[in-house]
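Protein chains in written order, with our numbering: chain A, 438 to 815; chain B, 9 to 342; chain C, 564 to 863.
Since the hints were made in silico from the structure, they are not lab data.
Values in this document were obtained by computation on a predicted structure and should not be read as measured data.
Careful, some of the hints might be misleading.
[What the hints assert, rightly or not] One-sided and incomplete, this derived list gives chain B residues near chain A with beta-carbon spacing under 10 Å:
| hint | residue |
| --- | --- |
| 1 | 37 |
| 2 | 39 |
| 3 | 97 |
| 4 | 156 |
| 5 | 157 |
| 6 | 163 |
| 7 | 170 |
| 8 | 174 |
| 9 | 254 |
[As the list claims (entries may be wrong)] Calculated cross-link-like contacts (lysine-lysine; reagent style DSBU-like; alpha-carbon spacing at most 30 Å):
| hint | chain 1 | residue 1 | chain 2 | residue 2 |
| --- | --- | --- | --- | --- |
| 10 | A | 800 | A | 783 |
| 11 | A | 602 | A | 527 |
| 12 | C | 596 | A | 800 |
| 13 | A | 657 | A | 628 |
| 14 | A | 805 | C | 689 |
| 15 | C | 596 | A | 731 |
| 16 | C | 596 | A | 733 |
| 17 | A | 783 | A | 495 |
| 18 | A | 602 | A | 805 |
| 19 | A | 783 | A | 805 |
| 20 | A | 495 | A | 805 |
| 21 | A | 569 | A | 783 |
We put the CB at the ideal spot given by N, CA and C, even for glycine.
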Amino acid sequence: MRGARLAGAVCAALLVLACGGGERPANAIVVGHFASMTGDTATFGRSADQGMRMAIEKINAAGGALGRPIWLITEDDRSVTEEARTAAQKLIQRDQVVALLGEVASSRSLAAAPEAQRAQVPMISPGSTNPKVTEVGDYIFRACFIDPFQGAVMARFAIDELKAKRLAILFDFKQDYSVGLAEFFRETATKLGAEIVADERYTSGDIEFRAQLTTIRAAKPDAIFVPGYYTEVGLIAQQARELGIEVPLLGGDGWDSERTLEIGGANVEGYYFSTHYAADSDSPRVQAFVAEFKDKYGATPDGMAALGYDSALILADALARAGSTSGPALRDAIAATSDFEGVSGKITMDAQRNARKDAVVLKIDGGKFRYHRTVSAE
Amino acid sequence: MRVRAWLIGGGAIAALVALDWLAPRALNPYYVTILSRIGIAVIAAVSLQLVNGFTGQFSIGHAGFMAIGAYASAALSVYAGAALLDAASQIAPLGFARLLYFPLVLAFGGLVAAVSGIVVAVPALRLRGDYLAIATLGAGEIIRIAILNIDAVGGARGFSLASPAHPAIDLRFESLGGVFGVALVTIAVIARLVYAGGGLAFRAVREDETAAESIGIATTRVKVEAFLVASFFAGVAGALFAHSEGYIHTNSFGFVRSFELVAFVVLGGLGSLSGAIIAAATLTALPELLRGFGDWRMVLYSVLLIATMVLRPQGLLGQRELWPLARMTRGGAK
Amino acid sequence: MENLLQQLLNGVTWGSIYALIALGYTMVYGVLKLINFAHGEVYMVGAMTGYYAAHAFGVAGAPSIAGLVAVMLASMIVCALLGALIERVAYRPLRNAGRLAPLITAIGVSLLLQNLGQIVFGADPKFFPALVRSEELVRVGGIAISNIQATVLATAVVLMAGLQYVVRRTRFGRAMRAVSHDAPAAALMGVPVGPVILGTFVLGSILAAAAGILVGLSNPKIDPLMGLMPGLKAFVAAVLGGIGSVPGAMAGGLLLGVIETLVTGYLSSTYRDAIAFLILVLILLVRPTGLFGAPQTEKV
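Could you put the whole structure together from the sequences, leaning on the hints where they help?
Listed below in C-alpha cells is the structure:
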C-alpha cells in the first residue's frame with residue numbers, strides 16, 4: 438500500500454513537472470481551470486482536469502484551435518469556497534487566460550463567477566448544477582443540466598420505481614448544490630403526492646450524523662434522499678447501516694466518484710443516484726471515450742471526467758466558430774453551441790446558458806456503478 | 009503650538025493625497041495590495057494592543073470584531089450604499105459622492121463593531137486571565153458561526169460587494185492614501201488615549217487590577233473603554249478590508265486571524281504601539297513577498313512565536329516606544 | 564421514547580470521545596494552571612498514527628481485536644512521546660514566566676502542529692481502515708447498538724476507570740493531586756514536581772491517542788485539522804465539568820456530547836458547533852468553576 442502511494446506521489450510529481458514545467462508555446466491559447474485538486478472533493482477536480490487534458494491533447498494533435506495549441510493552466514482551490522475565487526482571479530490577472538473552465542461544485546462556481554463576469558472572460562462550468570451559477574451573468578455557461586431537472590429525476594424515480602410514499606431528506610446546508618437539489622426534490626415529491634416525513638441537515642466537513650439519522654429512522658421513511666458530496670455520503674451510509682436503517686439511500690451527481698465506493702464499501706450496495714453519464718453505456722462514442730481514458734490514465738472515467746472532456750471540446754469548438762479569442766466574440770460563440778455531440782450527451786446551450794441534457798440513474802451493484810436507466814430532458 | 013499642529017496635519021494630508029495618486033501609477037498593483045493589507049493589519053494590531061498590551065486583558069477573539077465591521081459595512085454598501093451613490097451621482101460627480109460616502113461606511117462598520125464590543129465586554133469583564141482569553145475565543149467563534157448562517161450576507165458562499173440592482177456602481181474603495189490615513193488616525197487616537205491625561209489608568213489596570221481598584225480607579229469603566237475603542241477600530245479595519253477586497257468570507261476572520269493579531273502584538277512587545285506596528289507590517293509583508301511559502305507561513309509564525317516566548321518574552325520592544333509617542337501626544341508620564 | 568434513548572446512546576458514545584480528550588486538558592490545568600491548546604493536535608496525531616500503523620502492521624483489510632489493540636498501543640506510545648516533547652520544549656522553559664507566556668506558546672504549538680501535519684500528512688482527508696467490522700451488534704427494542712459503538716464505549720469506560728484508579732490509588736496519582744493542590748508545598752514535601760508534570764502530560768496524551776483511534780473507528784474520516792474543533796469542544800467540556808477536576812472532565816464530556824446530539828436531532832444541526840461556545844460563555848458567566856469545581860478565592 439505504501440509502495441503504491443510512493444509510486445503515485447512520484448508519478449504526480451512527474452506529471453506536475455511535465456505539465457507545469459513543460460514549455461508553453463509562444464502562440465498558445467491560454468485557458469484556465471480552477472478546480473478542487475485536493476481536499477474533501479478532490480476527485481471532482483482531478484477527474485475534470487484529466488478529462489480536459491485528454492480533450493486538449495486531441496485538439497492540439499489535430500492542429501489546435503485557430504491554428505494555435507491550447508495550453509491549460511490548473512489552479513487548485515483545495516475544495517475551499519473562497520479559494521475558488523482567488524484561483525479564478527489568479528488565472529485571469531496573472532495568467533491572462535482567454536477562458537475559464539470550472540468549477541464542479543456550485544458554491545465554488547458561484548464564488549468565482551462574478552470575477553469572470555467582471556473581467557469579461559467566458560467561463561464554462563463542467564458540472565455545477567445549481568441554477569444560480571449561470572444567473573451571475575452572460576459570460577457564465579455550463580455544460581451540464583441543472584438541479585430543477587435533477588431533483589425531479591430522483592423524486593420521480595423514488596415514487597414511480599421504488600414506490601416510495603414516505604421520503605426523508607438529509608442535505609448539506611453549506612453547499613448551494615445540496616440545498617438547491619434538496620429543494621427541487623422536495624418540490625417535485627410533494628407535487629407527486631409523496632410525504633416528506635423528515636428533513637434533516639448537516640454541514641460539509643461533519644463526520645457524525647447519527648443524531649440526524651436517528652430522527653430520520655424514527656419517521657419510518659421508504660427512502661432517504663442524500664444530495665451531498667461523496668465524502669459525507671460514505672460516512673452517512675456506514676452510520677445508517679449501523680443504526681439498522683435498511684431503506685435505500687438516493688443521491689445526485691455529488692455521489693459520482695470512485696471514493697463513494699471506497700469509503701462506503703458494502704454500506705452503499707443497492708443505492709441509486711442520478712448523474713450525467715454512465716461509463717458502461719453501450720453508445721459507441723462513450724465506449725471509445727472510456728477506452729481511451731483507461732488507456733491514458735488507467736481508470737474508468739466518472740461523470741466529472743466526461744463533463745470536463747466535453748467542456749474543453751465545446752470551448753475549442755466555440756473558438757473555431759468565433760474566429761478570435763476576444764471575450765465578447767467567444768461568449769457569443771459558446772452561447773450559439775447547438776447539437777454538439779459530447780460523450781455526456783448532445784449539448785445545446787439554451788437562453789439561460791444551460792445545457793439541456795438527459796440524466797442517467799446509476800445503481801451501486803456488486804461494488805460498481807451500473808447503468809440503470811435514462812431520463813430524458815423533456 | 010497650534011500652528012505646528014495644523015502644519016503637521018496639513019502636511020500629512022498632502023502626503024497621503026500624493027501617495028494615493030502616485031501609488032497605482034508607480035507600483036505594480038500587487039504591491040499596492042500588499043501595502044493596503046499592511047495598513048489594515050496595523051490598524052487591527054494597534055487596536056488589539058490597547059486591550060492586550062496596555063490594559064492587560066487577554067483577548068484572543070479580536071477577528072470577530074473585524075468580521076462584524078466587515079459584514080456590517082458590506083451589507084450597508086450593498087443594500088443601501090449602492091442606491092444612495094446611484095442617486096447621488098445624478099446630482100454630483102460620482103467621485104465626489106464616493107469621497108463623502110466611504111468615511112461614513114467605515115464609521116458605520118466601526119460603530120456596529122463597537123456595540124458588539126460592549127456586548128462582549130460587559131459579561132467578559134468579570135473574568136480574569138485564562139478564563140477571559142477563553143471567553144473571548146468563544147465570543148469570536150460564536151460571531152463567526154452566527155454570520156456564517158446569515159444568508160443575506162452570503163453565508164458559506166461569501167459576500168460579494170456588488171449590488172445586483174446597481175451594477176454600474178463600484179462599491180470598492182482601493183485608496184492607499186485612505187488606508188494609511190485611517191491608520192494614522194487610529195495610531196494617533198490610541199496613543200493619545202494611553203499616553204495623555206488619564207492614560208495611566210489603563211496601565212494601572214494591567215499591572216495590578218486589585219491595587220488599581222483600591223486607589224479609586226474605576227477599573228470596570230477603564231476596561232469597557234478599552235474594549236469599546238479597540239472593537240471600533242477593529243471594525244473599521246474590517247470595513248476597509250471588505251471594501252478593498254470586494255469580497256469577504258467568514259474564513260478570513262476565524263481563530264487563525266485572531267491568533268495572527270495576537271502574534272503581532274506579542275512579538276512587537278505587549279505595551280508598545282510602535283512594536284505592534286512594526287510586527288504587523290513585517291509579518292504581513294513577509295509571506296506575501298516570499299512566494300511559494302504557502303503552507304509554511306503559519307509554521308513560521310508559530311515557530312517565531314514560540315521561540316520569542318521562550319527566548320525573549322518581552323517581544324521586540326517590550327513596553328518601550330520607538331518614537332516619542334508620549335511626547336507627541338502632549339502629556340504622559342513615561 | 565426509543566428515539567430519545569437512541570439519541571442518548573449516540574450522545575454518550577460521542578461524548579465519551581470528548582471526555583477522553585477533556586481529561587488531558589483538565590489534568591494538565593490542574594498541575595500547571597495551563598490550558599494546553601496543543602492537546603487537540605495530540606488527538607489528531609493519535610488518529611494519524613493509528614492510520615499509518617494499521618497499514619504498516621498489515622491489519623488494514625482484516626478487522627480483528629488484536630489488530631485494534633496493536634494499533635492503539637502504537638498510537639499511545641507515539642502520543643506519549645509527543646506530549647513529553649511538547650512539555651519539555653515549549654512549556655518547561657516557561658515554568659516561572661507567569662500565565663500569559665505559556666498560554667501564547669500553547670496556541671503557537673497548536674498551530675505549529677496543525678500546519679506541520681498538513682505538510683507531513685498531506686491536507687487531503689484519509690479514511691481510517693475498518694479495524695472493527697461495522698455492523699449492528701444488538702437491537703434492544705428499537706435501539707440499535709453497533710459493534711463500533713460498543714467498542715468505543717467499552718474502551719472509553721475501561722480507560723476512564725483506569726485513570727480513576729491511577730489518580731486515586733497510586734503514588735503517582737497522589738503526587739499529581741498534591742501538585743495540583745499546592746505545587747510549592749508539594750515540592751517542599753519532597754514530591755518530584757518536574758517528573759510529575761511530565762507524567763501528567765504523558766497520561767493525558769495516552770488518553771488523547773485512544774480518543775483518536777476510537778474516532779477513527781466510528782467516524783473514519785481523518786485529516787490534519789481534525790483536532791481543532793474537538794480540541795476546543797473538549798476544553799469547553801473540561802470547563803463545564805470544572806477545570807482541574809477529573810470526574811468533572813468525564814461528566815462534562817458526556818454532557819456536552821449528549822447536548823450536542825439532542826440539539827442536532829431535535830432542533831437543527833445548524834448551530835452544532837456554536838452550542839459548545841454558547842455553553843462555554845454561559846458557564847463562565849454563571850458558574851466559572853464548573854459543575855464539580857470548587858470556588859476559588861483570589862489572593863491579593
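The hints, checked one at a time:
1. 37: holds, 8 Å
2. 39: violated, 14 Å
3. 97: For residue 97(B), the interface hint is violated, since the closest Cβ of chain A sits about 20 Å away, which is over 10 Å.
4. 156: This hint holds: residue 156(B) lies near chain A, its Cβ roughly 8 Å from the closest one there, short of 10 Å.
5. 157: holds, 9 Å
6. 163: This interface hint holds because 8 Å falls under the 10 Å limit.
7. 170: holds, 6 Å
8. 174: This interface hint is violated because 15 Å lies over the 10 Å limit.
9. 254: holds, 9 Å
10. 800(A) / 783(A): Roughly 23 Å separates the two Cα atoms, so the pair holds.
11. 602(A) / 527(A): At roughly 49 Å apart (the allowed maximum being 30 Å), residue 527(A) and residue 602(A) break the hint.
12. 596(C) / 800(A): Roughly 57 Å between the alpha carbons, so the hint for residue 596(C) and residue 800(A) is violated.
13. 657(A) / 628(A): Given pair residue 657(A), residue 628(A) holds - Cα atoms ~20 Å apart, limit 30 Å.
14. 805(A) / 689(C): holds, 21 Å
15. 596(C) / 731(A): The given pair, whose Cα atoms are some 60 Å apart, is violated under the 30 Å limit.
16. 596(C) / 733(A): Violated, because 59 Å separates the two Cα atoms, which is more than 30 Å.
17. 783(A) / 495(A): Measuring from Cα to Cα gives roughly 20 Å; hence the hint holds.
18. 602(A) / 805(A): holds, 28 Å
19. 783(A) / 805(A): Given that 30 Å is the threshold and the Cα spacing comes to 26 Å, the pair holds.
20. 495(A) / 805(A): holds, 29 Å
21. 569(A) / 783(A): holds, 23 Å
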